[in-house]
Amino acid sequence: MRDGNGEGRPDAELADRRLELERRLAERRAGPQTADGSGATRRGDFGQAFRLATEFIAGILVGAAIGWGVDRLFGSSPWGLIVFLLLGFAAGVLNVLRSAGLVGEPGAGRRRRD
Amino acid sequence: MAVIDPIHQFEIRPIVPIRIGDLDLSFTNSSLFMFLTVAVITGFLVMATSGRGLVPGRLQSVAEMGYEFVANMLRSSAGSEGMKFFPLVFSLFTFVLVANLFGLYPYWFTVTSHIIVTFALAMLVILTVVIYGFMRHGFGFLKLFVPAGVPMALIPLVTLIEVVSFLSRPISLSVRLFANMLAGHITLKVFAGFVTMLGAAGVLGAFGAVLPLAMTVALTALELLVGFLQAYVFAVLTCMYLNDAIHPGH
Numbered sequence: 001m002r003d004g005n006g007e008g009r010p011d012a013e014l015a016d017r018r019l020e021l022e023r024r025l026a027e028r029r030a031g032p033q034t035a036d037g038s039g040a041t042r043r044g045d046f047g048q049a050f051r052l053a054t055e056f057i058a059g060i061l062v063g064a065a066i067g068w069g070v071d072r073l074f075g076s077s078p079w080g081l082i083v084f085l086l087l088g089f090a091a092g093v094l095n096v097l098r099s100a101g102l103v104g105e106p107g108a109g110r111r112r113r114d
Numbered sequence: 001m002a003v004i005d006p007i008h009q010f011e012i013r014p015i016v017p018i019r020i021g022d023l024d025l026s027f028t029n030s031s032l033f034m035f036l037t038v039a040v041i042t043g044f045l046v047m048a049t050s051g052r053g054l055v056p057g058r059l060q061s062v063a064e065m066g067y068e069f070v071a072n073m074l075r076s077s078a079g080s081e082g083m084k085f086f087p088l089v090f091s092l093f094t095f096v097l098v099a100n101l102f103g104l105y106p107y108w109f110t111v112t113s114h115i116i117v118t119f120a121l122a123m124l125v126i127l128t129v130v131i132y133g134f135m136r137h138g139f140g141f142l143k144l145f146v147p148a149g150v151p152m153a154l155i156p157l158v159t160l161i162e163v164v165s166f167l168s169r170p171i172s173l174s175v176r177l178f179a180n181m182l183a184g185h186i187t188l189k190v191f192a193g194f195v196t197m198l199g200a201a202g203v204l205g206a207f208g209a210v211l212p213l214a215m216t217v218a219l220t221a222l223e224l225l226v227g228f229l230q231a232y233v234f235a236v237l238t239c240m241y242l243n244d245a246i247h248p249g250h
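Keeping their order, the protein sequence lines are chains P and S.
Sequential numbering from 1 applies to the first sequence in our numbering.
Sequential numbering from 1 applies to the second sequence in our numbering.
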């Protein structure tokens with residue numbers, strides 16, 4: 001009786017202990033992360049902010065460069081610069097929204113950028 | 001005590017001056033570190049995979065982890081079709097990663113702190129996207145710039161904005177990596193400079209120098225993280241742009 005049980009019991013006990021351990025691990029994981037998270041998220045936030053800033057500025061710079069080029073080519077100064085700077089501004093905003101995950105990629109069924 | 005110049009570390013010095021006509025093709029410290037980066041990556045991977053054990057040893061499992069990491073990243077953002085670009089993404093990731101980490105070693109040159117290097121890498125990515133996109137889809141690739149479900153009247157405007165947005169990708173890709181490395185190394189140097197400055201200012205200064213020293217230690221750890229993170233971000237964005245080339249606007 002004891003032997004037969006001895007074969008089965010450790011398995012059941014092991015499963016119980018594993019469940020218990022998992023529960024406790026989950027508790028622990030949830031605990032420190034919220035407490036410790038401030039430092040990690042602050043760093044993450046900084047990275048995110050920097051990323052958004054570069055996206056925005058890149059849009060404006062490219063718009064300005066295209067406008068300047070158009071003006072040089074067609075002698076339409078300053079209209080090319082004005083128009084493309086505005087377009088660049090819009091593109092910068094679009095870049096920012098996209099990299100923040102608020103606007104999807106053009107076209108449906110695309111994976112969202114995160 | 002030498003004058004502390006936080007920019008000095010980014011100076012490019014020719015090691016073997018080579019001039020062809022008006023072109024300065026000198027072998028510089030930057031070239032040296034690029035060679036070193038490639039040599040270390042190649043050497044490591046060759047060494048790690050030479051055993052080819054079914055049960056990987058320590059080195060081999062690091063190499064396999066690197067492979068799995070990049071492969072999963074590529075598969076999840078560009079689909080399994082994107083795997084044909086695995087060599088490109090893996091090379092870019094390891095190059096940027098090892099170059100960033102090399103830069104943390106005192107007196108070593110940081111290749112990725114020069115915008116021309118990061119811009120060249122970003123242009124490589126974007127040109128791959130554009131050329132492959134046109135090869136694969138012909139003019140269908142241009143659908144990338146025409147979002148679905150936009151009123152007819154707005155399409156020219158939206159398309160122009162999308163084009164500018166697309167063109168800004170290599171800039172933001174390169175500026176992000178370059179600015180992170182540049183800013184990190186300058187900050188590190190400035191705080192390390194405070195240590196020597198305070199240390200030279202008598203006993204009280206030497207005690208005060210503990211503060212910037214602690215900051216330098218913390219910043220070094222942060223730079224390690226940033227170096228890895230930037231390599232990761234570069235690789236992830238490469239995968240997403242490649243996804244655009246493979247599936248432009250479905």
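Everything labelled a hint here was simulated from the structure, so no lab data went into it.
Accuracy of the hints is not assured; some may be wrong.
Stated by the list, open to error - Interface residues of chain P toward chain S, partial, derived using beta-carbon atoms under 7 Å:
#1 Gly-59
#2 Gly-63
#3 Ala-64
#4 Asp-71
#5 Ser-76
#6 Ser-77
#7 Val-93
Stated by the list, open to error - Not close to chain P: a few residues of chain S, all C-beta gaps over 12 Å, as computed:
#8 Pro-151
#9 Ile-171
#10 Ala-179
As the list claims (entries may be wrong) - The calculated lysine to any residue pairs, modelled on SDA-like cross-linking and capped at a C-alpha distance of 25 Å, are:
#11 S:Lys-84 - S:Phe-44
#12 S:Lys-143 - P:Val-83
#13 S:Lys-189 - P:Phe-50
#14 S:Lys-189 - P:Val-83
Here a beta-carbon is modelled for each residue, glycine too, at the ideal position from N, C-alpha and C.
Cross-check of the supplied hints:
| no. | hint | in the structure |
| --- | --- | --- |
| 1 | Gly-59 | holds, 5 Å |
| 2 | Gly-63 | holds, 5 Å |
| 3 | Ala-64 | violated, 10 Å |
| 4 | Asp-71 | violated, 16 Å |
| 5 | Ser-76 | violated, 16 Å |
| 6 | Ser-77 | violated, 19 Å |
| 7 | Val-93 | violated, 9 Å |
| 8 | Pro-151 | holds, 15 Å |
| 9 | Ile-171 | violated, 4 Å |
| 10 | Ala-179 | violated, 7 Å |
| 11 | S:Lys-84 - S:Phe-44 | holds, 23 Å |
| 12 | S:Lys-143 - P:Val-83 | holds, 23 Å |
| 13 | S:Lys-189 - P:Phe-50 | holds, 21 Å |
| 14 | S:Lys-189 - P:Val-83 | violated, 42 Å |
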